[in-house]
Amino acid sequence: MLHSRPTQQPNLPFRIPKPHQTRTPSQSHSQLHFDVSLPKHQIPPWLSLVSTLRSLAQDPPQVSSYAAIFQSLTGKNLLRLGRQVHSHMSLRALEPDAFLGAKMIAMYASAGDLRSAVAVFRRIKYPSALLCNSIIRAYSWHWFPKKTIGVYFRMRSLGLKADHFTYPFVLKSCADLSDVRMGRYAHGLSLRTGFEEDFYVGTSLINMYVKCGGIGDARKMFDVMTVRDISSWNALIAGYMKIGEIRLAEDLFGRMVRRNIVSWTAMISGYAQNGLAGQALVLFDKMLEDDSGIKPTWVTIMSVLPACAHSAALERGREIHKLASRIGLDSDVSVQSALIAMYARCGSLAEACQCFDRIHQHKKDLVVWNTMISAYASHGRGLESVSTFEDMIRARIQPDIISFTGLLSGCSHSGLVDLGIKYFNRMKTMYNVEPEVQHCACVVDLLGRAGRLVEAKELIDKMPMQAGASAWGALLAACRKHRNLELAEVAAKKLFVLEPYSSANYVHLSNMYAEAGMWKEVANLRDLLKYRGIRKTPGCSWIEVNGKAHMFLGGDTSHPQTREIYMFLESLPEKMKQAGYVPDTSPVLHDLSEEEKEHNLTSHSEKLAIAFGLLNTSPSTIIRVTKNLRICVDCHTATKFISKIFRREIIVRDLNRFHHFTDGSCSCGDYW
DNA sequence: CTAGGGTTAG
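When the letters of the first sequence are read in order and numbered with full-length UniProt numbering, they come out as residues 1 to 672.
Think of the hints as simulated: they come from the structure by calculation, not from any bench.
Glycine is no exception: its CB is placed at the ideal position from the N, C-alpha and C atoms.
Hints are supplied without guarantee of correctness; some may be wrong.
Claimed, not checked - Quick list of the computed label-pair ranges, beta carbon to beta carbon:
hint	residue 1	residue 2	range
1	Ile-327	Thr-557	55 to 61 Å
2	Asp-527	Ile-327	32 to 38 Å
3	Gly-547	Arg-83	51 to 57 Å
Stated by the list, open to error - When the alpha-carbon atoms are kept at most 20 Å apart in a straight line, the in silico SDA-like pairs for lysine to any residue are as follows:
hint	residue 1	residue 2
4	Lys-242	Val-262
5	Lys-161	Leu-189
6	Lys-161	Lys-220
7	Lys-644	Leu-572
8	Lys-575	Gly-613
9	Lys-422	Glu-436
10	Lys-76	Ser-87
11	Lys-242	Ile-261
12	Lys-644	Asn-628
13	Lys-364	Glu-351
14	Lys-422	Asn-432
15	Lys-536	Met-551
16	Lys-286	Val-262
17	Lys-577	Ser-665
18	Lys-125	Gly-159
19	Lys-147	Lys-172
20	Lys-364	Tyr-431
21	Lys-644	Tyr-581
22	Lys-536	Gly-547
23	Lys-481	Arg-630
24	Lys-242	Gln-279
25	Lys-286	Arg-318
26	Lys-493	His-508
27	Lys-428	Gln-466
28	Lys-286	Trp-298
29	Lys-575	Arg-563
30	Lys-161	Lys-172
31	Lys-364	Gly-415
32	Lys-493	Leu-528
33	Lys-481	Ser-667
34	Lys-147	Arg-122
35	Lys-575	Ile-645
36	Lys-172	Ile-246
37	Lys-462	Glu-436
38	Lys-242	Val-180
39	Lys-125	Gly-150
40	Lys-242	Leu-177
My request is simple: use the sequences and hints to build the entire structure.
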């Protein structure tokens with residue numbers, strides 16, 4: 001796992017000239033030469049170093065001068081210059097002491113060269129606490145929690161005292177390793193340094209307990225602290241959000257005297273991660289209205305975009321995209337990938353592609369590629385998924401498990417059976433990625449959809465790990481599609497154990513029984529549902545019109561325009577029958593007369609939303625509807641006809657994927 | 001020095 005932090009480019013007004021351009025044979029190694037024919041205000045701060053450097057050439061080498069230089073090179077991403085100064089120092093036979101070593105380590109670590117930092121550390125004969133703190137910070141920054149803790153122990157064995165600069169990193173490492181034991185141990189030892197006065201240590205302790213202990217310990221820590229900081233509150237808020245204690249988080253947030261951008265972001269991302277997309281968006285707006293100089297950061301944008309994606313709020317997503325551009329955050333790759341995902345999940349594959357294409361080829365990281373592969377997959381564009389994957393390989397990015405879930409699901413959604421199996425077989429051999437349970441589930445899905453049910457079942461039986469609900473679920477869905485009741489019963493039986501409270505499985509099997517006219521079994525299942533206290537998830541669809549979301553439940557009559565909508569829907573069957581449409585009543589769960597079934601179908605939530613969209617948008621607008629369950633066969637067929645009769649592009653996002661309806665056909669090729 | 005983080009099938 002890579003530690004990704006936004007890399008800060010130095011953005012200098014002019015370039016450091018290449019050595020061969022600047023150094024004539026007469027010039028010594030120590031004399032760095034710069035073109036300074038620029039206005040004074042454009043001269044970068046480190047340029048004052050040049051005079052210091054020149055003075056160094058004359059006197060006997062001084063530790064303090066070099067220390068000052070390394071310090072001013074720290075955090076500036078000037079690795080080459082730093083190395084030059086280092087070799088200059090070595091040539092003059094100056095052995096760094098612990099103090100100078102610390103400065104060198106900081107310079108190397110901040111420039112991304114951990115190896116050199118470690119090399120410096122190893123050469124120092126008499127380490128100090130400062131030196132150890134520097135290398136601890138370097139390891140922590142480069143995401144090596146075990147090494148960090150290792151140095152901490154080494155430090156103690158050398159009789160050096162860990163201080164309030166040591167513990168934040170040690171505790172963060174404990175948190176990263178989910179090692180409460182170590183965390184408690186460090187907590188105990190930190191008591192001796194009098195950390196009560198230090199909110200950095202206190203906040204780190206809260207965070208450590210949030211990440212790997214319990215929220216109770218975190219809360220105790222918070223209560224015990226004598227000096228608190230905004231960040232202490234923020235850490236606890238994040239902790240409550242993490243375990244879904246929304247109200248406690250809200251309570252803390254409300255009681256804060258001052259809040260910073262992290263406080264707001266913690267709340268927004270907390271809402272989003274707990275499925276409260278609407279609240280996340282509301283709070284984001286409040287934050288923007290709040291006139292206390294709060295400005296979103298790249299993390300804020302990344303936290304709020306999934307909320308748009310979740311609720312398919314395309315208009316809102318576009319606004320946030322514009323906002324991000326205005327404050328210059330849209331050039332961040334992480335934000336870019338969040339934008340791609342948002343556009344894709346809001347049904348606008350075209351805008352997702354635009355974002356993807358705007359990223360420079362060499363800047364595309366693993367997540368960006370993965371996001372695009374999955375975006376194509378969910379829109380049923382399997383071939384594009386495959387070609388994006390191949391582009392990624394060509395760009396020398398090593399794929400991971402997520403790349404393959406995207407790729408395989410893409411093949412599955414598009415019926416690319418052989419291609420999918422080819423990639424599945426090559427995962428380990430060609431790409432060195434160990435197939436996991438979700439990949440097997442994808443292949444079960446792939447085979448199952450293609451009607452190769454026996455092979456799918458075989459794969460489940462011989463996969464190296466325990467088949468999960470996803471694999472059995474895929475098999476059940478395939479059995480439904482290909483009407484294999486016998487195998488469906490096997491899969492359903494497993495699922496009733498693996499996920500006993502998921503109504504979808506019961507509905508699937510029940511529908512199959514209904515199709516076969518086995519009403520007694522249907523009744524049995526209904527009793528089982530009742531007995532287990534499971535409610536069938538109500539179908540629910542929504543559509544965004546003029547930036548406002550309109551939601552419909554199945555059979556909903558609460559919308560102000562209900563009369564119009566139903567009048568429209570009731571006039572539909574006639575038109576459709578003229579065009580050759582026969583309603584498919586099989587997805588209706590209960591044993592009803594044919595007429596009643598037909599009426600039930602008329603009021604499916606997706607139909608209501610589509611009707612509302614047709615009535616309230618101009619003819620050229622694309623209708624985008626989102627549904628919480630899978631689209632049913634009848635609605636799918638009906639929507640195809642609607643797209644033809646009314647010459648509208650209709651995009652439906654169901655639980656699993658997108659359906660693009662145009663001119664009487666769907667992008668899924670009736671294969672979902 | 002600490003707190004907030006995107007991509008995943010069904």
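Keeping to a limit of 20 Å between CA atoms, is the pair of Lys-644 and Tyr-581 held or broken?
-> holds, 12 Å
Is Lys-493 within 20 Å of His-508, Cα to Cα?
-> holds, 12 Å
Straight-line alpha-carbon gap Lys-242 to Gln-279, limit 20 Å | holds, 16 Å
With a cut-off of 20 Å on the C-alpha distance, tell me whether Lys-242 and Val-262 pass.
-> With Cα atoms ~15 Å apart, Lys-242 and Val-262 stay inside 20 Å; holds.
Are the Cα atoms of Lys-242 and Leu-177 separated by 20 Å or less?
-> holds, 17 Å
Pairwise hint evaluation, Met-551 against Lys-536, where the allowed Cα distance is 20 Å at most = Answer holds: Lys-536 to Met-551 is near 18 Å, not above 20 Å.
Between Lys-422 and Asn-432, does the CA-CA distance stay at or below 20 Å?
-> holds, 14 Å
Lys-125 and Gly-150: Cα distance at most 20 Å?
-> OK: Lys-125 and Gly-150 at ~18 Å, within 20 Å.
Is the Cα-Cα distance between Lys-161 and Lys-172 20 Å or less?
-> Holds. Lys-161 to Lys-172 sits at ~19 Å (cutoff 20 Å).
Starting from Lys-481, check that the Cα of Ser-667 is at most 20 Å away, please.
-> Holds - the C-alpha atoms of Ser-667 and Lys-481 are around 18 Å apart, at most 20 Å.
Mind checking the alpha carbons of Lys-286 and Trp-298 for me, to see if they're no more than 20 Å apart?
-> holds, 18 Å
Measure nothing beyond the straight line between the CA atoms of Lys-575 and Gly-613; if it is 20 Å or shorter, mark the hint as holding.
-> Distance of about 18 Å is within 20 Å: holds.
When held up to the earlier numbered hints, the structure conflicts with 1, 2, 6, 12, 22, 31, 36 and fits the remainder.
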